[in-house]
Amino acid sequence: MKQLIVLGGLLLVLLAASSVSAEPPEGIPPDFAMPGIRVQALDASTLDVPTVASGKAVDAARGHWQWPEGAQVAARLVTLSDDQWQDPAGRPVLRDRPVWLVTVTQIEFHARGRTDDVNHEVNLVVDALTGEVLELFSYR
Amino acid sequence: MLLESGGWLVIRSRTPRSLLVTAIGVAASLVFTYAGPSVPVVRAAANCSGQTFEFDGTDPPGQHNYGVKATIEKRTPSLCIGGAAWSDSSLWVMTTGGCDEEYIQSGYGRHSGEADVYPFAQYDIGVGNNFVHKQLANPVPAGSKVYYVKYNFSTGVFSAYYDGQFLLGVNVDTNWCTGRESQYEAEVHDGGDDVPGTAANKASVDNMLVVTSHSGVWVAPQGLTASSTSARYDVDWAANQTHMRVWTK
Numbered sequence: 001m002k003q004l005i006v007l008g009g010l011l012l013v014l015l016a017a018s019s020v021s022a023e024p025p026e027g028i029p030p031d032f033a034m035p036g037i038r039v040q041a042l043d044a045s046t047l048d049v050p051t052v053a054s055g056k057a058v059d060a061a062r063g064h065w066q067w068p069e070g071a072q073v074a075a076r077l078v079t080l081s082d083d084q085w086q087d088p089a090g091r092p093v094l095r096d097r098p099v100w101l102v103t104v105t106q107i108e109f110h111a112r113g114r115t116d117d118v119n120h121e122v123n124l125v126v127d128a129l130t131g132e133v134l135e136l137f138s139y140r
Numbered sequence: 141m142l143l144e145s146g147g148w149l150v151i152r153s154r155t156p157r158s159l160l161v162t163a164i165g166v167a168a169s170l171v172f173t174y175a176g177p178s179v180p181v182v183r184a185a186a187n188c189s190g191q192t193f194e195f196d197g198t199d200p201p202g203q204h205n206y207g208v209k210a211t212i213e214k215r216t217p218s219l220c221i222g223g224a225a226w227s228d229s230s231l232w233v234m235t236t237g238g239c240d241e242e243y244i245q246s247g248y249g250r251h252s253g254e255a256d257v258y259p260f261a262q263y264d265i266g267v268g269n270n271f272v273h274k275q276l277a278n279p280v281p282a283g284s285k286v287y288y289v290k291y292n293f294s295t296g297v298f299s300a301y302y303d304g305q306f307l308l309g310v311n312v313d314t315n316w317c318t319g320r321e322s323q324y325e326a327e328v329h330d331g332g333d334d335v336p337g338t339a340a341n342k343a344s345v346d347n348m349l350v351v352t353s354h355s356g357v358w359v360a361p362q363g364l365t366a367s368s369t370s371a372r373y374d375v376d377w378a379a380n381q382t383h384m385r386v387w388t389k
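Chains as they are written, first to last, in this note's numbering: chain G, 1 to 140; chain A, 141 to 389.
Everything labelled a hint here was simulated from the structure, so no lab data went into it. There's no promise every hint is true.
Using C-beta positions, here's what the derived DEER-type ranges look like [stated by the list, open to error]:
| no. | chain 1 | residue 1 | chain 2 | residue 2 | range |
| --- | --- | --- | --- | --- | --- |
| 1 | A | 346 | G | 90 | 23 to 33 Å |
| 2 | A | 317 | G | 49 | 28 to 38 Å |
| 3 | G | 118 | A | 319 | 17 to 27 Å |
| 4 | A | 369 | G | 118 | 28 to 38 Å |
| 5 | G | 79 | A | 286 | 30 to 40 Å |
| 6 | A | 346 | G | 38 | 32 to 42 Å |
Calculated Cβ distances over 12 Å to all of chain A for the following chain G residues [as the list claims (entries may be wrong)]:
| no. | residue |
| --- | --- |
| 7 | 48 |
| 8 | 50 |
| 9 | 95 |
| 10 | 136 |
Computed from a predicted model, the values in this text were never measured in an experiment. Where is the CB? At the ideal position from N, CA and C, for every residue including glycine.
Between the sequences and the hints, there should be enough to build the whole structure, so can you do that?
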């Protein structure tokens with residue numbers, strides 16, 4: 001009994017120490033400004049089929065790119081359209097697709113092409129229905 | 141720490157405070173600690189030795205270009221041993237603007253933390269701006285694919301393409317200085333990273349073409365001289381001016 005009380009106390013301390021927030025964490029604004037990409041908040045209950053769990057979406061993203069230790073990660077459920085990814089026939093590949101947008105910040109993401117420019121945010125797009133990673137983008 | 145609230149899932153890196161709690165109650169903390177899957181380890185040619193920028197390829201001299209194109213063969217490069225965060229290896233075609241940090245490119249690359257090479261497009265509109273990067277999640281398949289960037293004389297937009305797919309575009313009439321050049325390069329960000337290709341299996345950059353006039357017609361570039369900024373890498377011509385190969389020695 002005494003051990004249970006101690007463990008319960010530890011859990012309470014742990015929860016108090018953690019950064020529980022209903023808002024996006026600092027540094028990750030709710031709106032995105034990637035050229036060609038539009039996102040809109042999505043309520044999972046409006047879908048006819050269940051979405052993959054957010055944790056599985058993050059696992060899939062991390063399976064694609066193992067970001068450095070110390071990075072901050074957030075995921076939100078959105079519909080996403082990418083006007084700047086088109087198949088050879090000129091049709092958008094992603095249009096109003098339900099996805100988990102996994103945003104990784106507090107990182108250094110270096111440019112290619114004779115510049116030492118560095119971004120500090122990378123976004124991975126994970127299909128919310130299948131868990132498949134679709135694309136990765138960075139703009140800041 | 142992995143928490144979910146509303147539409148958000150939040151994972152926070154552990155703070156000293158939570159580390160202290162973790163030390164007290166390891167069993168409890170394990171419930172909340174996130175650990176992602178690992179990326180397969182690929183043997184690299186050299187230890188990570190610090191951030192640098194090395195290039196292996198060719199830059200057509202002094203041509204005002206409206207497009208650059210090549211058929212590039214997939215070779216998955218090893219990254220430096222030690223997992224430096226800046227470690228990176230890529231192979232691309234690119235057109236630059238007339239001022240610093242103005243470019244648009246299309247190619248494939250492998251960042252630190254990735255197990256394969258992925259098709260990507262990237263551009264920048266000059267000093268003081270962030271670059272814009274996009275890559276597809278499916279790795280480049282074995283064999284060769286066509287990569288190019290091309291200017292649209294009607295819209296002023298320079299666009300990047302991979303295997304016929306449009307990936308990114310930017311209006312350069314309003315964002316770039318006058319004067320352009322094209323480049324075909326392999327690039328690494330650590331001296332221990334390999335460029336794609338080995339002596340036994342060089343990475344082919346074939347069907348090299350550029351657009352130099354308002355006709356928009358693809359033509360063979362002129363006056364190419366291939367070179368490397370590092371003795372670890374090499375480049376040669378399988379067919380002079382049109383078919384280049386790069387590799388790590």
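Consistency of beta-carbon spacing, residue 118 of chain G to residue 369 of chain A, with hint 28 to 38 Å = Once the Cβ atoms are compared, 20 Å apart, the range 28 to 38 Å for residue 118 of chain G and residue 369 of chain A is violated.
Could you tell me whether the CB distance from residue 79 of chain G to residue 286 of chain A stays inside 30 to 40 Å?
-> holds, 32 Å
Take a look at whether the Cβ-Cβ distance between residue 346 of chain A and residue 90 of chain G falls inside 23 to 33 Å.
-> holds, 26 Å
Does 32 to 42 Å hold as the CB distance between residue 346 of chain A and residue 38 of chain G, or does it fail?
-> Between residue 346 of chain A and residue 38 of chain G, where Cβ atoms are some 37 Å apart, the hint holds.
Cβ distance range 17 to 27 Å for residue 118 of chain G and residue 319 of chain A, holds or violated = holds, 25 Å
When you look at the beta carbon of residue 136 of chain G, is every beta carbon of chain A farther off than 12 Å?
-> violated, 5 Å
Is residue 48 of chain G truly not at the interface, in the sense that its beta carbon sits beyond 12 Å from all beta carbons of chain A?
-> holds, 18 Å
CB-CB spacing for residue 49 of chain G and residue 317 of chain A relative to the 28 to 38 Å hint | violated, 50 Å
Given as non-interface: residue 50 of chain G, which should sit over 12 Å from chain A by C-beta | Residue 50 of chain G is indeed farther than 12 Å from all Cβ atoms of chain A, at 15 Å.
Just checking, residue 95 of chain G versus chain A, shortest CB gap more than 12 Å?
-> holds, 14 Å
Consistency with the previously given hints fails for numbers 2, 4 and 10, ordered from lowest to highest.
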